[in-house]
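K.L.:
Letter by letter, the chains look like this.
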Amino acid sequence: MGRLEIGMGPKEAAEALAKAFPSEIKETAEFQGQVSVTVSKDRIRDMMRFLHDDPALEFHFLSDICGVDYLDKKEPRFEVVYNLFSLPNKTSLRIKAQVAAEDLKIDSVVSVWAGANWRERECFDMFGIRFSGHPDLRRLLMPEDWDGYPLCKDYPLQSDLGDKEWQGYKDVIDTAESNKKYGVR
Amino acid sequence: MDNYAIYDGLYAILGIPRDCSLLLQFIAIMINIVLVIAVVMLHVAYATYFERKVIGHMQVRLGPMRVGWHGLLQPIADGLKLFFKEDIVPATDFKAVFKLAPIFVVFAALSSLAVIPFFSTFYIANINIGILYILAISAVSTYGIIMAGWASNSKYAFLGSLRSAAQLISYEVAMGLSLVGIMIMAGSLNLKEIVSAQQQQWYGMYLFPQFLGFFVFTVAAFAETNRVPFDLPEAETELVAGYFAEYSGMRFSLFFLGEYIAMIVMSSMSVLCFWGGWTLPPVITNAIPQLNMVPGIVWFVLKVYGHIFVFYWVRATLPRYRYDYLMRLGWKVLIPLALANIVITSIVKYLA
Amino acid sequence: MQSEKEITTKYLTLNMGPQHPATHGVLRLVLDLDGETVVKCTPHIGYLHRGMEKWSESRTYPTAMPLMNRLDYVAAVANEIGYCVAVERLLGVEVPERAKYIRTMTAEMVRICSHIIWLAAHAIDIGAMTVFLYSMRDRETLLDLFEMLCGARLLHIYPRIGGVRCDVSQEFLDGVYKFTDKFPKLIEEYETLIDQNRIWFQRTKGIGVIGAEEAINLGLTGPTLRGSGVAYDIRKVSPYDAYDKVEFDVPVGKNCDVYDRYRCRMDEFRQSNRIIRQCVEKLPDGLVLNPDAPGLDMLPGPIKKAAPVPAPEADAVPVMSPAGPAFTEIYSATEVPKGELGYYIVSDGTGKPYRMRIRTPSFMHISALPRFCEGNLVADVIALIGTIDIVLGECDR
Chain A
1433 MGRLEIGMGP
1443 KEAAEALAKA
1453 FPSEIKETAE
1463 FQGQVSVTVS
1473 KDRIRDMMRF
1483 LHDDPALEFH
1493 FLSDICGVDY
1503 LDKKEPRFEV
1513 VYNLFSLPNK
1523 TSLRIKAQVA
1533 AEDLKIDSVV
1543 SVWAGANWRE
1553 RECFDMFGIR
1563 FSGHPDLRRL
1573 LMPEDWDGYP
1583 LCKDYPLQSD
1593 LGDKEWQGYK
1603 DVIDTAESNK
1613 KYGVR
Chain B
233 MDNYAIYDGL
243 YAILGIPRDC
253 SLLLQFIAIM
263 INIVLVIAVV
273 MLHVAYATYF
283 ERKVIGHMQV
293 RLGPMRVGWH
303 GLLQPIADGL
313 KLFFKEDIVP
323 ATDFKAVFKL
333 APIFVVFAAL
343 SSLAVIPFFS
353 TFYIANINIG
363 ILYILAISAV
373 STYGIIMAGW
383 ASNSKYAFLG
393 SLRSAAQLIS
403 YEVAMGLSLV
413 GIMIMAGSLN
423 LKEIVSAQQQ
433 QWYGMYLFPQ
443 FLGFFVFTVA
453 AFAETNRVPF
463 DLPEAETELV
473 AGYFAEYSGM
483 RFSLFFLGEY
493 IAMIVMSSMS
503 VLCFWGGWTL
513 PPVITNAIPQ
523 LNMVPGIVWF
533 VLKVYGHIFV
543 FYWVRATLPR
553 YRYDYLMRLG
563 WKVLIPLALA
573 NIVITSIVKY
583 LA
Chain C
4 MQSEKEITTK
14 YLTLNMGPQH
24 PATHGVLRLV
34 LDLDGETVVK
44 CTPHIGYLHR
54 GMEKWSESRT
64 YPTAMPLMNR
74 LDYVAAVANE
84 IGYCVAVERL
94 LGVEVPERAK
104 YIRTMTAEMV
114 RICSHIIWLA
124 AHAIDIGAMT
134 VFLYSMRDRE
144 TLLDLFEMLC
154 GARLLHIYPR
164 IGGVRCDVSQ
174 EFLDGVYKFT
184 DKFPKLIEEY
194 ETLIDQNRIW
204 FQRTKGIGVI
214 GAEEAINLGL
224 TGPTLRGSGV
234 AYDIRKVSPY
244 DAYDKVEFDV
254 PVGKNCDVYD
264 RYRCRMDEFR
274 QSNRIIRQCV
284 EKLPDGLVLN
294 PDAPGLDMLP
304 GPIKKAAPVP
314 APEADAVPVM
324 SPAGPAFTEI
334 YSATEVPKGE
344 LGYYIVSDGT
354 GKPYRMRIRT
364 PSFMHISALP
374 RFCEGNLVAD
384 VIALIGTIDI
394 VLGECDR
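Line by line, the protein sequences are chains A, B and C.
So the first sequence is numbered by my numbering: it starts at 1433 and just counts up by one.
So the second sequence is numbered by my numbering: it starts at 233 and just counts up by one.
So the third sequence is numbered by my numbering: it starts at 4 and just counts up by one.
Same shape as in the complex, but just chain A:
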């Protein structure tokens, strides 16, 4: 509780990170009181280890890991987002690691947080980002033989099987189309 008064807020945490890894930090932004630090992916595991172990920061809790696909909007295309939370400081921090589409891999942080395991698997499942050093990188939510990575922005929203489409699905679509004349959506 005492440490809360010292006030290791998200900004201070971001500064501490920038001091330890000056060459890795690309950008620091703040929105609605939340600080996000954009970093390059090369030393991500070291950074996470630092954030986790540093006695002043103590980001012991990994709230979330997820991927974001900025197709044609940003370069490099992918970002892996780590939302961290420090229980002693009651501070959250967001680390965004840039991953280029040409080099679709990043170091796994399972050795830092055991709880990262499935979220990295899911990120691989949804975006195809490979986590090197992950103990068991398999598809998680999608079937094992699934083609493509569904949360990518270029993943088709509708199938293009044409005539080969399953009849039951075509019937549903036809009914929905014919219902449009009643204003039912």
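Hints listed in this document are in silico derivations from the structure and should not be mistaken for laboratory results.
Check each hint, because a few of them may be wrong.
Here are some, though not all, of the chain A residues that point toward chain C, as calculated from beta-carbon distances under 10 Å [what the hints assert, rightly or not]:
1) H1484
2) P1487
3) M1558
Even glycine gets a Cβ: it sits at the ideal position worked out from N, Cα and C.
Dock chains B and C against the given chain A, drawing on the hints supplied.
P.N.:
What follows is chains B and C alone, placed relative to chain A:
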């Protein structure tokens, strides 16, 4: 033959002379058996109804209410449904074993009924090793369970049958030992004689001197009949249904039947050995002589149902034991208790 | 004849689920058993994967709401509130005081509902059947109250971005207040059924022990984490709605086992009851929905600059510049009955989220299940699935 004094009751009821022809004797035996089985089946059917009603009311609900007045015809509807249900046999190499298993279970349960004296003059066989016979025959049902689990070609059924085999064998030891005290006190293994031996005492029930044996017996009876809290072989939430997971329709209902008959047999055993069977304690009958007018079967059935009620009550109350605790309870608590009971009973009997 | 050394043993692989009475939905566990001991446990999920993250990218913020209550369908309002809080933080929408209290009240009501389901399922998994029916009886009262509140019993879609859909009636408040009077006695009734039972102790004490540090490392949240002795509750740490205006304690366990998690949730019943009571007593007057908040008629295109938003609280950062081309993002966590529900929303300034990530507690808890199960008996697996309190709709999304 005559030594065993079989069929007195039925002969008396049917008015057949004791020295009648063999054929007539055979017919008499058959009628007797059919009578017992029919009555017990009816009781099994209504034991399920009783169970659902009792547990229902304990669980702030009503139980069956739709079929007949307060659901009275529910067991019959259930029976009909099970009878006409499709009989599914899983893909297994042991179809014959699969089909034989429920028959074993029901056979074991029904055979136990043969030596139970329902009242002083009604029983199928009055043999001198009644208790041993029941213990031995009820062990046969273990075979049925193992066969079912093995032939079902399913891992859940397999695990369930393994659990059941281990459980039944362990608790049979405790159960057998818990009855030794009774044997010592009565000086007989004949169930009918055990009851009459209890009548010699003013308290009329071995329950009081043998409370330790009674406790062990009751716990072991719960385990023998696979009832809560020892229903691990069929633990619904762990093993889905255990050894009869793959059974359906009539075959499933045979297992069900076996379990309920076993429950009735165990309750009857307990009533005969500890509660004075169809008699009341002489203290009570001496005080209120009118009670002697009531036929013995009434007391017997009342006591059996009281026991079965305890089975249900426990089911509605307790969580399920874990496998290792169950074994620990059987071997480390119940068997030493039963042995202690034997020692104490022997010493008291020797001194007396 | 084989000598003893030549006899090799093989593990028995048991496939538990996706259809199994104790896996609470369509969880599939592949267990390698050595006798009755679990050597290896591999959870398989995804049987209920509906692609909500992708789906919500093609819906405007208000119309994505009905997806959100299909996450944890036994505590629908809590998920909706979590979503609304996230969108409000992203768009800078103010919520009227009265709506905040109503939201807090309903969130605690579904917390009770969810914990009741948990208690019932946990108890029946361990074999105590009667608790199930007792607790379901009392859940019915709450469902009736919800029906009175918004017409729906399970999937309420009651909160809205910027408030709640409709005001509460006096009859509803009376009903809730009466329930809070009665409920502590009912909790005691559940406890009499199992809490003094030796078999219950044997089945729960010393099972599934995970220490505080490891629990944090695994990403456990909610009562599952608090049972391990970590007083991490988002309602206290970063309060939303009216949680900073009501009094409540955060129950914490000591022995980190199944029993302590059970105790934690039983104590949370009482705390939730306390919060509901305070909400009814303190409920202020006023609007229940911010009229400027985006409604169902929100357009998928760039967000138009609305009328000047009311002055934000002193320490809040100014609202995002609407229709800006830059990406803005928010991670907003709320405490749902099962743990931390986090929404990470990336907005490109239009009426649809660019990326919506849902961090659900059940997902994390199931990922920790191998750590819980390995080395325990099959019967304990059931108790452990119960103790982490999962809903598969939330896990698979």
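K.L.:
Does each hint hold? Answer for all of them.
P.N.:
Hint by hint, here is what the structure shows:
no.	hint	in the structure
1	H1484	9 Å, holds
2	P1487	15 Å, violated
3	M1558	8 Å, holds
The structure shown violates just one earlier hint, number 2.
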